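J.: Could you build all of it, start to finish, from the sequences and the hints given here?
Next come the chains, spelled out residue by residue.
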Amino acid sequence: MDTVLTVTDLGKSFKNKRVIEDISFEVKKGEIMAVLGPNGAGKSTTIRNIMGIMYPDEGTVQFRGYRPGEVPRPKIGYLPEERGLYKNVKVMDMILYLAELKDYPLKKAKQRALDYLKKLGLEGKGNVSIEELSKGMGQKVQFIGSIIHEPELLILDEPFSGLDPVSQEVFKTEIQELANNGTAILLSSHQMNMVEQVCDRLFMMNRGKRVIYGTLEDVKNQYANFKCTIKGRNDRHILESIPQVQRVESREEATVLYLEQDIQPAAWLRTLPDHLQIQELSIDRISLHEIFIDVATDNHSQLFIGKGEGVHA
Amino acid sequence: MRNSLKVARWEIRRNLKSKSFLISLISTPIIFMLLSFGSALFNKDSKEMVTVHVLDEIGVYEQIVQVATKNELNWNVQRTDANETEFPKLVKEQDQSAYIALTQEGLENGTIYVYMSQDTPARFLLETRVLEEPLRQQQLAQLELTDKQMSVIGKGIQMEAVSSGEEAATAGAGPDKADRMKKLIPGAVAGMVLFSIVMTGMMIFTSASQEKKEKVAEIVLSSVTTTELMQGKIIGYFVLGITQVMVWMLFLIPLALWKMDFPLLEYLLVPEMLVLLFIALTGYLLFSAIFVSIGATVEDMSSTSNFQGMIMTIPFIPVVFLGPLLSDPNGLVAKVLSFVPLTAPSVLIFRLSQLEQWPWMEIIIAIAVLIFSIWLAMKAAGKIFKIAILMYGKNATPKEIWKWLWA
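As you go down the protein sequences, you meet chains A and B in turn. As numbered in the working numbering, residues 1 to 313 make up the first sequence, in order. As numbered in the working numbering, residues 1 to 407 make up the second sequence, in order.
Quick caveat, the hints were computed from the structure, so don't treat them as lab data. As the structure is a computational prediction, the values presented were derived from the model and not from experiment. Cβ atoms here follow ideal geometry from the backbone N, Cα and C, with glycine treated the same way. There may be inaccurate statements among the hints.
Taking beta-carbon pairs under 10 angstroms as the criterion, some of the chain A residues facing chain B (in silico) [to be verified]:
| hint | residue |
| --- | --- |
| 1 | M51 |
| 2 | I53 |
| 3 | E82 |
| 4 | R83 |
| 5 | Y86 |
| 6 | V89 |
| 7 | L101 |
Residues from chain B that keep clear of chain A, each with C-beta distances beyond 10 angstroms, as calculated [unchecked claim]:
| hint | residue |
| --- | --- |
| 8 | E48 |
| 9 | Q66 |
| 10 | E72 |
| 11 | L73 |
| 12 | T85 |
| 13 | E105 |
| 14 | G106 |
| 15 | V152 |
| 16 | K182 |
| 17 | L264 |
| 18 | L274 |
| 19 | K379 |
T.: Below, the structure written as structure tokens:
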């Protein structure tokens, strides 16, 4: 796949405070790449530096076919985290203004806007004032505004926040469709279930630095070890003495055994003591959500043991 | 620049579709017209014709008709043969009428009785004072004086001021009203242009603040640079200001041509007008740079600090000096204020509309100072706007703004 965006060693400081440091990643044509991290990790600053809204102190941002630092604004679509549209204008006027700013033909933009309004359940709302729309509807209009000009690179900062589950599903489908049609998508979100469903690769950062970078599959293979959840009353010492158990967490009715990397689930199950009380047992991988929480709470040193091929930590 | 023009077009379209802007666009000239011509519209006095019946026992009827015509009085003068004793009754029977008894007895006593109907305007009695001179002439004629003696005594003595200095030499015939209007009219129009574009310029403050409040800045800035956004707003609101002036002119010029008896268009289409309009433009650029940058520091207009509120009053600083400016448009205060960038545009326009001779050297230096100030203000505005427009959640403090200037 062609690389649409290359970010190399990006660094930015505000008042002597390093906000981001040595940030490097690529976004390829037709892929959905997630930028993840807790609040204040530096995601929005990274995005603003890519967009040319801010300028990095170090490093470069390079778009395919352009010199480093040159931002081809008409080829980028952007849905910022801070949602906003002019309140006292009509929906269609707002979308067409955003298309005009991107040098996109207005006639074509109008047709696309009508199509997307219909697709996102806003048919007939073109002449409605934005202040009359609900928050979710406004977000859909803003989403349309970000893709109206058929961008090569689409940057979505928290696209699912504030949406009801139905709208989230609509957005998810639309994002996947755009990627299938060749748009490179950089997506920042806190909704890990959504990220797991739509993203091909992810870049997780904390305190302005890279923590994990790789394909979702590799990340899960390398960092998302298996965990075994057992429902039943058992002595903690017995559980801790089971081979290849990294740590034990007791919850209300169940105990979770976090297993070491590279275990073979079937073989490991055979190592369980016969006298173990088991009412229910499940074995699955640690979710991205749990990885995220561990990163955000600085527990990842316990979780991530090694570096996998194609995955960087 | 292309992107700036796109932003400008958007601001123009958005405002021209806004009900509040359209209402103010139309209502302002209407209010202005009502204020300007209100007295004429409501004061029927000055329009309505009064039928003046003259009982002429002393042979001055023809002179009275001439005096009324010469002074453009709305009098319909008619001779009457009725007796003075009937006047109170007659005057009750006729609307807008007056009876004047020019009797020998009245002339000798020095008191002429004027009988007016109830609806006769109050100004009428004042107007009858124009009759004093022919009646005094008549009084004197009866004293058998020579024509020259009568003319000298009848004229009386009046005091007339003659200004000193440069103009004194040419003031022999007194100031020419037409010449004064030639300066005053372009000055008044340039002042109106400055007022209008500065007022719409103030809308930039709201627009920049709204951009932040409605959190649109970031999405717009993904397509244009901060400088382009700022420039677009300045250009857009300039066009709106000019549009406003054009609409005002459309209302006011035909009305002025109809109501006033001087060649308005001839006075407007003079080379001096270009200089005055250029000064108005410099004023707009200076104030708009200040408004757009400070507007970007305000997210919540209702909690705007005194500092930001004070910024809005900057264009009105010259009002404080109105007294010295009016009393001497070429005095020290006026000269100093011409070189202070924040007061220069309006003070220059005011002075130049008053002065017979334009001080060209002063004008050139003042405009040079203004242009340099605009360059500085735009540079500073760019720095403030760039940081402030993306700072959400609070209004910037003067300390922060100061820091950004030097960042």
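J.: Against each hint, give a clear statement of whether it holds in the structure.
T.: Right, here's what the structure says about each hint:
For M51/A, the interface hint holds, since its Cβ comes within 10 angstroms of a Cβ in chain B; the closest pair sits about 5 angstroms apart. This hint holds: I53/A has a C-beta 5 angstroms from the nearest C-beta of chain B, less than the 10 angstroms allowed. Interface restraint check: E82/A against chain B, minimum CB-CB distance 4 angstroms, threshold 10 angstroms, status holds. At its closest, the beta carbon of R83/A sits 6 angstroms from a beta carbon of chain B; the interface hint therefore holds under the 10 angstroms criterion.
Because the smallest distance between the Cβ of Y86/A and any Cβ of chain B comes to about 6 angstroms, under 10 angstroms, the interface hint for this residue holds. The beta carbon of V89/A is positioned within 10 angstroms of a beta carbon in chain B (closest approach about 6 angstroms), and the interface hint is therefore held. At a threshold of 10 angstroms, the smallest CB-CB gap from L101/A to chain B is about 4 angstroms, leaving the interface hint in force. For E48/B, the condition that its CB be more than 10 angstroms from all CB atoms of chain A holds, with the nearest at approximately 49 angstroms.
In this structure Q66/B is separated from chain A by more than 10 angstroms, as the shortest Cβ-Cβ distance comes to about 65 angstroms. Distance check on E72/B: its Cβ is at least 53 angstroms (rounded) from any Cβ of chain A, clearing the 10 angstroms threshold; non-interface status holds. Look at L73/B: its CB is around 56 angstroms from the nearest CB on chain A, clear of 10 angstroms, so calling it non-interface holds up. Non-interface status of T85/B relative to chain A is upheld: no Cβ of that chain comes within 10 angstroms, the nearest being about 75 angstroms off.
Non-interface call for E105/B relative to chain A: holds, since the shortest CB-CB distance, roughly 78 angstroms, exceeds 10 angstroms. The beta carbon of G106/B sits about 73 angstroms from the closest Cβ of chain A, which is more than 10 angstroms, so the claim that it is off the interface holds. Residue-level check passed: V152/B sits 74 angstroms from the nearest beta carbon of chain A, beyond 10 angstroms. With a cut of 10 angstroms on Cβ distances, K182/B stays outside the contact zone with chain A, its closest approach being about 45 angstroms.
Taking the minimum C-beta to C-beta distance to chain A, about 38 angstroms, the non-interface status of L264/B holds against the 10 angstroms cut. At roughly 34 angstroms, the least C-beta separation between L274/B and chain A is larger than 10 angstroms, which holds for a residue marked as non-interface. Listed as a non-interface residue, K379/B keeps its Cβ farther than 10 angstroms from every Cβ of chain A; the least gap is roughly 18 angstroms.
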